[in-house]
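Asker: Put the complex together from the two separate chains, hints included.
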Amino acid sequence: MTTLAVVEDNADNRLLLQAILSGPYTLVEYDNGIDALAGLSASLPELVLLDISLPGMDGNEILARIRADEKLKHLPVIALTAHAMSGDREKYLAAGFNDYVTKPIVDETVLLGAIEKWLGAKKGNGPS
Amino acid sequence: MHLLPILRVDERVDASTTHRQTSDTVAIRMNDASTSNAPPAEPALDPTALTRLERFGGTKLLVEMIGLFQTAAPERIAAASAGVDSGDVAATELALHSLKSSSAQLGALRLGRLSERGEAIARAGTLDGVAEIVNDMEHELIRVQAWLTDVRDGAST
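Residue numbers (the working numbering), protein chains in the order written: chain A, 1 to 128; chain B, 1 to 157.
Same shape as in the complex, but just chain B (with noise of 0.2 Å):
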């Protein structure tokens, strides 16, 4: 599987949004055709980090990959979530950055900013704010698994 099959896959994810495809990454941006004066919206998944993972180690090892984010992603976001309701300030900022490594490894860059966002928060010793960053990942960690799953089936046939 090679890095075709992967820009064909993210453009079926969300059919709804704009593509701004270069050689290295996929940007979308959220209906924002209306809004030329805006800055470039910052690419939300990155194909390349895939292609990445199979040379490290082939397909096998992608799809492994995929597999254990995919277990792994939302349980770091109950933990953070969990972690935010308690005020736990260590725990959240433990689970955000286990993420912000991950998703980052994985090509899912705007879960990874979320993520880092989050995690700089609870590191200066607060949680404002950190709830609605928790939020916006759980509907990011969405687009995230679709995309990886279409890849990872891609893969195994």
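One chain only, chain A, in its complex shape (with noise of 0.2 Å):
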């Protein structure tokens, strides 16, 4: 089964993307970046889903981590964000997010198709 990585500190959010995600996918869950980081080196995910605001080292700086590991740089990781006032979107994208979905989570198959699409794209597809 496809694994996707949740690297998000409350758990309230971890437990309502269980509730979404648990059937189609197997997720494994990091509540802090220092752990998310170790982890995805130690066991590589299909995708990645990343929370911004985290508590010491944010999305940001973990998404910077990634994109410089030579092992993680090419895995597809979506802003999983609250962050969503008017250019957020752009930012995040800008900053080398694959794509961006908003919280709270109102209409799941939009999370879904953003994972099915970045899926897709890397078994060669290509994002529709």
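Hints listed in this document are in silico derivations from the structure and should not be mistaken for laboratory results.
Be aware that one or more of the hints could be misleading.
Partial list, derived from the structure: chain A residues whose beta carbon lies under 7 Å from chain B [as the list claims (entries may be wrong)]:
| # | residue |
| --- | --- |
| 1 | Ala11 |
| 2 | Asp12 |
| 3 | Lys103 |
Quick list of simulated restraints, FRET-style, between CB atoms [stated by the list, open to error]:
| # | chain 1 | residue 1 | chain 2 | residue 2 | range |
| --- | --- | --- | --- | --- | --- |
| 4 | B | Gly125 | A | Pro24 | 38 to 48 Å |
| 5 | A | Ala42 | B | Arg55 | 29 to 39 Å |
| 6 | B | Thr126 | A | Gly120 | 18 to 28 Å |
| 7 | A | Lys123 | B | Ala146 | 44 to 54 Å |
| 8 | A | Ala64 | B | Thr149 | 41 to 51 Å |
| 9 | B | Ala38 | A | Ala121 | 46 to 56 Å |
| 10 | A | Arg67 | B | Ile142 | 37 to 47 Å |
| 11 | B | Ala124 | A | Ala68 | 25 to 35 Å |
| 12 | B | Arg123 | A | Ala64 | 18 to 28 Å |
| 13 | A | Gly56 | B | Arg123 | 14 to 24 Å |
Note that CB positions come from ideal geometry on N, CA and C, so glycine has one too.
Answerer: Here it is in structure tokens:
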């Protein structure tokens, strides 16, 4: 089964993601950046869902370290964030995230669509 | 458990308010019947958020999400308050950001809006006025906790 990594400090958001995604995917959860980077290197997932506002190392720094790591740099990384001001989407895509999905999750098909798009791209089908 | 019990519960939470129900939201206006020229109040609570959680994961998810929120929300407000007291802008912003997302996910719209307002101020690098917002949040949390407790108890029976 396809494995996704979730980097999210809030337990309620992790629980919600489990409910939505645990049918088609296996989730590996991390609640901080240090553990996430170590875990990603030890066991490479197919895709990463990455919160931005995290205590300590934030999502932007985690992404920068992923992109600087030879083993991790090609991972699709989707920003999953409550930062939803005008211009935020463009800002995070410019920073190197593959996609951007906002919280709260109202329409789960948006999240599922983004995941499928980038898993497809990874398999060489190209993002639709 | 479906939408109707949630609406009934919400009416019981604050009998001193006037209510304007639509198919999507419950607007609660604080004793403003005599101020008909005032713009309509924005809804404080959104029961559709709870039915959405049920759709995502059934009653089990709904009850677990409520439980996590009821534990975490007071902690986040306390963290924001401590951040204001100590002048820690980053800690205040993080606490309010977390609460903004969780509140919106559970339909606590007014609490979410207050969190967003405080977060925006902190994000701009100041804490001016955030203490008052956090104080409002403490009061709003009482309403939200009562609403969610009734929903949770109704869902568990």
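Asker: Hint by hint, which ones does this structure get wrong, listed from lowest number up?
Answerer: As far as the earlier hints go, only 6 is violated by this structure.
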